[in-house]
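Engineer: Given chain A, put chain B in place with the hints provided.
Keeping their order, the protein sequence lines are chains A and B.
Residue numbering for the first sequence follows the working numbering, starting at 3 and increasing by one per position.
Residue numbering for the second sequence follows the working numbering, starting at 3 and increasing by one per position.
None of these hints come from the bench; they were simulated from the model.
Worth double-checking, as some hints may not be accurate.
To be verified - In silico contact screen, one side only, chain A against chain B (beta carbon under 10 Å); selected entries:
1. L22
2. S23
3. E78
4. Y179
5. H229
6. D317
As the list claims (entries may be wrong) - Using C-beta positions, here's what the derived DEER-type ranges look like:
7. A:P244 <-> B:G227: 44 to 54 Å
8. B:R383 <-> A:W436: 32 to 42 Å
9. B:D379 <-> A:R288: 55 to 65 Å
10. B:E38 <-> A:R391: 37 to 47 Å
11. B:C388 <-> A:A64: 43 to 53 Å
12. B:G256 <-> A:A433: 42 to 52 Å
13. A:P277 <-> B:G438: 53 to 63 Å
14. B:G256 <-> A:R288: 55 to 65 Å
15. B:W436 <-> A:P277: 55 to 65 Å
16. B:E247 <-> A:A352: 58 to 68 Å
17. B:A281 <-> A:E344: 52 to 62 Å
18. A:S429 <-> B:A234: 51 to 61 Å
19. A:E356 <-> B:G438: 19 to 29 Å
20. B:H406 <-> A:A352: 39 to 49 Å
Ideal Cβ positions, reconstructed from N, Cα and C, are used throughout, including at glycine.
Protein chains: 2
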Amino acid sequence: MVESWVNSAERIGVDLHLELSGPGGRRAALIRALREAVRSGRLAPGTRLPPYRSLAADLGVARNTVADAYAELVAEGWLTARQGSGTRVAMGVPSAPPGQRGRAQPPRRPGRVPRKAPVRAHGPRHDLTQGTPDASAFPRTAWSAAYRRALQAAPSEAFGPGDPAGRRELREALSEYLARARGVRSEPDRIVVCSGFAHALRLLFGQGGGGVLRGPLAVEAYGLGFHRELLATAGVRTVPLPLDEHGARVDALGRERAVLLTPAHQFPTGGPLHPERRAAVIDWARAREAVVVEDDYDGEFRYDRRPVGALQGLDPERVIHIGSVSKSLSPALRLGWMVLPERHVGPVLAAKGEREAWASVLDQLALADFLVSGSYDRHVRRMRQCYRRRRDRLVAALAAHAPHIEVTGIAAGLHAVLRLPPGTERSAVKAAAWQGVALDGLAAFRHPGTQMPAPDGLVVGYATPPEHAYGAALEALCEVLPPA
Amino acid sequence: MVESWVNSAERIGVDLHLELSGPGGRRAALIRALREAVRSGRLAPGTRLPPYRSLAADLGVARNTVADAYAELVAEGWLTARQGSGTRVAMGVPSAPPGQRGRAQPPRRPGRVPRKAPVRAHGPRHDLTQGTPDASAFPRTAWSAAYRRALQAAPSEAFGPGDPAGRRELREALSEYLARARGVRSEPDRIVVCSGFAHALRLLFGQGGGGVLRGPLAVEAYGLGFHRELLATAGVRTVPLPLDEHGARVDALGRERAVLLTPAHQFPTGGPLHPERRAAVIDWARAREAVVVEDDYDGEFRYDRRPVGALQGLDPERVIHIGSVSKSLSPALRLGWMVLPERHVGPVLAAKGEREAWASVLDQLALADFLVSGSYDRHVRRMRQCYRRRRDRLVAALAAHAPHIEVTGIAAGLHAVLRLPPGTERSAVKAAAWQGVALDGLAAFRHPGTQMPAPDGLVVGYATPPEHAYGAALEALCEVLPPA
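Isolated chain A (complex conformation) (with noise of 0.2 Å):
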């Protein structure tokens, strides 16, 4: 058996045949055939790999069976892995000398059983992919102080089972500070806490087609191949919109049952829903009996103007509005929220379950008095300095070395979109690549069935880098954009 994935090795710029051949079942003949490509240098350190589903497709083999390659790849450290950038070859990984034939030997990480490398442990030299906050900037002492307050005040109750809405300390500093800051319309029983924008997918959408709300889904023609496969996975049918220069364009939404946007900041391209546009799919939603899931997942980060509301504040009967702290405060505290419409509270915690099986009850408490003494407030607001300065170096940076290069999507958000030349996306990704800077290419984010044209772009994700390695940055970026 020997197969091939050029089709999809060529839109992600590499030139590549798979063999599938030998002992063990596909997925051992995919391990080895992958394992032997990194260690040739066929796939580059910083390669990143095509989704499951379409080397699934490409091989003829399940998407599990990708998946276990893949995370099999991942734990023995040839790969590297995070949510939203998708699977890369590691950094570091030594090609076989001239004349080896041997094994292939993982790279040996210093001090580490040889298995399981962490997430980003052999990163990138420069990471501007999207979706991380500045780890290093967590407001460890506030919080810390917070989570010791929190729990000196909490009944004994607390540490008992949690009720699957969230703790309602959580839900009533939650209400009080969405409704002062976003602009939703929220009461504290309307709200579920959650572990994060993807559990919050999976409560409404289920899996096998047994969630609160039913398919096809109407999502933007750009988002996360993430949530897309998520949904899939879940059973639902997702109907791309097209996009233009006012967000997705709403008026080719027909019969979906619901629809995914990100209103505040497009998710990647970066504009905000036009005004008229987000009246538009209230009326549509009232028309059709649908409803709208709003993504807000970086509406506290707006530069220049006044922020952006939440679009449930317009009908809070038909939004589906959803938050969490992992691009305000850290991916790792597993806490998110959803603000539901009166009908669909008891469906979203029937599917929850009787008791929290999920999120930490005494994070919810910590995050409530986070809340409540303000400094969340203050640790947003710090935040939103430093990443307006990294935007800014971003946007001067370019303007000196590469000024024929557009930068859109800047006026909010974490991240930026650099508008290519035609054609130039795929060999600009590739470039960065080799030079160690992980980015990805808009047509990483496209749905697969859209029929829009495919503009060239780099997602520019700004936040991730330490504040002392930013410069070094965007320097290697600068060097891998196309000459004009």
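Structural biologist: Showing chain B alone in chain A's frame:
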């Protein structure tokens, strides 16, 4: 007994006496008095109640008594609690129309779908259901200290996206602890952190049959219905194994692909699996290339004999060992672990996703510190003493007031089984409910497909009531038992 909080009341501008009188202990009396004060309008909506400490001092009761009373009334909707703003009388609480003498009704929370009450919100007076440790015994100070230390010591990357295997610090600490305390043969790379036993089951058996293991799955004829339901939802057929005085009849195992056991302390009947059967089930698994899933839910709590080691120690490649802190510390933490055969590590990680989406990384770090610093051992030893005393009090109370009732399953764990005369279980459970005693009969745990005889019995959890309420709970229990 008539006591007042005039002093506190003056400080907060309310002139009021509270009368602590009537049956059921001070906590119940305080709840009644506060409820009546709100209902009658003597405490106006929005009024701030005194802090626990000062009301406790004024009334000469324990601080926890006040905390529990407030929590109960918050759960019922009479009061609202917010960190930083204290506990207040809820808005919109209707005061009684003149002449009303019925039981006060809690206010409806606006905009809330009537649904299942949150766990224990409207709980019975005495909670003798199994499964939850004493929430009032959570080691707040030691845990907060571990959390603070762990956060200060953590590298920055800990606040970024998490490794789905779990933090290495925690896996190393667990590996050492489980080897020492439970005889588990582990290493950190065999451990995957999860959010509790149910999460582990979901990862192993997946949804729609897409999991790491396949059914049919043999289970003990008596066990948690919640687990059976979860497996059924995932499309896994369960085959009941009969139980006898030596535990599960593993000789009845046939062509199943896996078996789920509680070898240290059969749940709920309470005995350990006989040593010969421990060996036999391993032989079966080896011969069939099957897997034993070991639910070590309360292995730390053994009172009279040498602890029964984990079955996993007999063959780490044939047993998946699963544990959590839900019994030993608190179900509020949502932390558990799986110790896996090597071949299952990759697939379980693939099922979990590319990064940690569930268990709080910060709580993971805190647990690692809690284990390494010896705080976990100290807490477990302290609770073992406490629960052993409770078990002894249960046995003594039954010997004194119901000597005809046999108590079994008392060598370990947080619950006992009271054997009842044939045909009396249903009426005993019903009588208990009428008397405000929550507990379950054995029938609630019975696999619907089993053919084994159905003994009558009550499953009495003795860990849940706070210490001060345990005596009253035992008295109430003895009153609902069938006569000799």
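Engineer: State for each hint whether it applies.
Structural biologist: Against the structure, the hints:
1. L22: L22 of chain A check fails; min Cβ-Cβ to chain B is 18 Å, beyond 10 Å.
2. S23: 21 Å, violated
3. E78: Nearest chain B Cβ about 9 Å off; hint holds.
4. Y179: With a closest approach of 12 Å, the Y179 of chain A hint is violated.
5. H229: 12 Å, violated
6. D317: Violated - the Cβ of D317 of chain A stays beyond 10 Å from chain B, reaching only about 15 Å at its closest.
7. A:P244 <-> B:G227: 44 to 54 Å: Since P244 of chain A and G227 of chain B have Cβ atoms about 49 Å apart, the given range 44 to 54 Å holds.
8. B:R383 <-> A:W436: 32 to 42 Å: For R383 of chain B and W436 of chain A the Cβ distance comes to about 57 Å; the hint is violated.
9. B:D379 <-> A:R288: 55 to 65 Å: 59 Å Cβ-Cβ, so the 55 to 65 Å window holds.
10. B:E38 <-> A:R391: 37 to 47 Å: 58 Å, violated
11. B:C388 <-> A:A64: 43 to 53 Å: 51 Å, holds
12. B:G256 <-> A:A433: 42 to 52 Å: 60 Å, violated
13. A:P277 <-> B:G438: 53 to 63 Å: 57 Å, holds
14. B:G256 <-> A:R288: 55 to 65 Å: 57 Å, holds
15. B:W436 <-> A:P277: 55 to 65 Å: 60 Å, holds
16. B:E247 <-> A:A352: 58 to 68 Å: 40 Å, violated
17. B:A281 <-> A:E344: 52 to 62 Å: 57 Å, holds
18. A:S429 <-> B:A234: 51 to 61 Å: 52 Å, holds
19. A:E356 <-> B:G438: 19 to 29 Å: 20 Å, holds
20. B:H406 <-> A:A352: 39 to 49 Å: At 42 Å between Cβs, range holds.
Hint check: violations occur at hints 1, 2, 4, 5, 6, 8, 10, 12 and 16; the rest are consistent with the structure.
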